[in-house]
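Asker: Chain by chain, the residues run as shown.
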Amino acid sequence: MKNSITYLYLFVITLNFSCAQDTENKANTAKDIPFSEELFIDGLQIPWGMAFLPDGSMLITEKSGTLIHFKDGKKTLVDNVPEVYVRGQGGLMDIFLHPDYENNGWLYMTYASKEGSEKGGHTALMRAKLKNNALYDNELLYKAGPNTTKGQHFGSRIAFDDEGYLYFSIGERGARDVNPQDITKDGGKIYRLNDNGSIPGDNPFVDAENAKTAIYSYGHRNPQGLIKHPVTGAIWEHEHGPRGGDEINIIKKGANYGWPVITYGINYSGTPITDKTEMEGMEQPNHYWVPSIAPSGMAFVTSDKYKNWKGSLLVGSLVFQYLERLTLEGTKVIHREKLLENKGRVRDVRQGPDGLIYVAVEGKGIYRLNPKQ
Amino acid sequence: MKHVRTITLLLLFGLGNLYAQETALKASMERGSEIYNDFCVACHMPTGEGIPFVFPPLANSDYLMQQRTASIKGVKFGQEGELVVNGETYNNTMASMGLEDGEIADVMNYILNSWGNSSNEMVTVEEVEAVTKD
Numbered sequence: 001m002k003n004s005i006t007y008l009y010l011f012v013i014t015l016n017f018s019c020a021q022d023t024e025n026k027a028n029t030a031k032d033i034p035f036s037e038e039l040f041i042d043g044l045q046i047p048w049g050m051a052f053l054p055d056g057s058m059l060i061t062e063k064s065g066t067l068i069h070f071k072d073g074k075k076t077l078v079d080n081v082p083e084v085y086v087r088g089q090g091g092l093m094d095i096f097l098h099p100d101y102e103n104n105g106w107l108y109m110t111y112a113s114k115e116g117s118e119k120g121g122h123t124a125l126m127r128a129k130l131k132n133n134a135l136y137d138n139e140l141l142y143k144a145g146p147n148t149t150k151g152q153h154f155g156s157r158i159a160f161d162d163e164g165y166l167y168f169s170i171g172e173r174g175a176r177d178v179n180p181q182d183i184t185k186d187g188g189k190i191y192r193l194n195d196n197g198s199i200p201g202d203n204p205f206v207d208a209e210n211a212k213t214a215i216y217s218y219g220h221r222n223p224q225g226l227i228k229h230p231v232t233g234a235i236w237e238h239e240h241g242p243r244g245g246d247e248i249n250i251i252k253k254g255a256n257y258g259w260p261v262i263t264y265g266i267n268y269s270g271t272p273i274t275d276k277t278e279m280e281g282m283e284q285p286n287h288y289w290v291p292s293i294a295p296s297g298m299a300f301v302t303s304d305k306y307k308n309w310k311g312s313l314l315v316g317s318l319v320f321q322y323l324e325r326l327t328l329e330g331t332k333v334i335h336r337e338k339l340l341e342n343k344g345r346v347r348d349v350r351q352g353p354d355g356l357i358y359v360a361v362e363g364k365g366i367y368r369l370n371p372k373q
Numbered sequence: 374m375k376h377v378r379t380i381t382l383l384l385l386f387g388l389g390n391l392y393a394q395e396t397a398l399k400a401s402m403e404r405g406s407e408i409y410n411d412f413c414v415a416c417h418m419p420t421g422e423g424i425p426f427v428f429p430p431l432a433n434s435d436y437l438m439q440q441r442t443a444s445i446k447g448v449k450f451g452q453e454g455e456l457v458v459n460g461e462t463y464n465n466t467m468a469s470m471g472l473e474d475g476e477i478a479d480v481m482n483y484i485l486n487s488w489g490n491s492s493n494e495m496v497t498v499e500e501v502e503a504v505t506k507d
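So the protein sequences, as listed, match chains A and B.
First residue of the first sequence: 1, per this note's numbering; consecutive thereafter.
First residue of the second sequence: 374, per this note's numbering; consecutive thereafter.
If we strip away everything but chain A, and leave its shape as in the complex, we get (with noise of 0.2 Å):
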């Protein structure tokens, strides 16, 4: 018991000063700040997921299961919403338009659900059409299973790359040893359909015995954060690791990215999870966060609206409330700052059309950031 005890101690310590050495695992205070924030729409709760629609308006989930149109200042509650299983992390969650949404109407939303026979919910993927406040020609594209009474994990970001795919993240529903590893389960998977929820065929396990087809990759934890570099077109994700560990990946095709077999990160009481941080055959992660920031939502920013940020990487932080600024040298980062401090827990960020940054933050609202000349 003693010398477990010493492990345990030279291991803490060991994983201390490794992260010591990382110098590019800590987060700067911001010092040249190129904005004046704004509570753009006031009164959210837990802004889950934003989109920005042709006319200028917006579209907000809210995690209770409400999709709201903001509209010339104005909230309106949207109608046919599908029902959603709010219990835990779940709720109505991620939104997406269709990469040409003006001519086909097609908008993307996951969230959890209790369809199917088995008691509690799993993620869920569906498309709609949105007319006159109602959404309309509700599809449901994809229901994980089977259903979990579990309250963690249900990922869920969307994104599309270049090619048209769709891509989605669901989380391991707390079951770190059952799902992520094996791609006949769902869960801890990034997946990938045609934009109508068929199963693209040169997916990579359409050959494989008894797998869920529309896996891309696996071994995740709980991704809630997708998008497509807007460069190289790859698509990057971020996942919640356990205690530190927290992760963003390249996404590449029918890769294994390791949880739980290799991790940066441990249990939250502290014990280790395994001691190993690689292995062959799976992936290692552009970058580690020690300790965990809690990731959710991520943003490019590709506008000249903001001095010297054209290429940074903008995730929000939901254990410590603030926007986290990631230079990056080609895919390293490089540098990280911390923006917009002690507003709440930064749920979404996203670029809109007008190329300014929109936050979404929890107990407050999206908030704009307005360029400073």
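Any given hint could be a false lead.
Said to hold, decoys possible - Covered by chain B, per the in silico footprint, the following chain A stretches (three or more residues, Cβ under 8 Å):
| hint | stretch |
| --- | --- |
| 1 | 83-89 |
| 2 | 163-172 |
| 3 | 265-279 |
Read the hints as simulated data drawn from the structure, not as lab findings.
Everything numeric in this text was worked out from a predicted model, so none of it was measured.
Idealized CB from N, CA, C, for every residue including glycine.
Given chain A, put chain B in place with the hints provided.
Answerer: Coordinates of chain B only, in the frame set by chain A:
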């Protein structure tokens, strides 16, 4: 003689009752610990210490021990706005976790009797049922 028998019986009954309560509490706390480690641990931490200035502690929390009904209400319907715990003001949002009344009773019993906390009275499903939003 008759008195002695009555007293003994009463004493046995009392002890039995106490024992039954103790086992019921233990079982409830055990279920509550599972709920806690699923729904609460990420913010309130494994030993209930919370995160300074962000998420209030549950261990040795004056709010939890003195505001029992308000605490149940917070777990049941969610909690928003300012909250003073051990002299520190917290201003955050806790969404309703969507727990069933029985699960709320269990997790309340767990947090009221862990990490140095101790409560004389067990939380029952009926008590949670009786807590309303307004």
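Asker: List in ascending order the numbers of the hints, as given earlier, that are violated by the structure.
Answerer: 2
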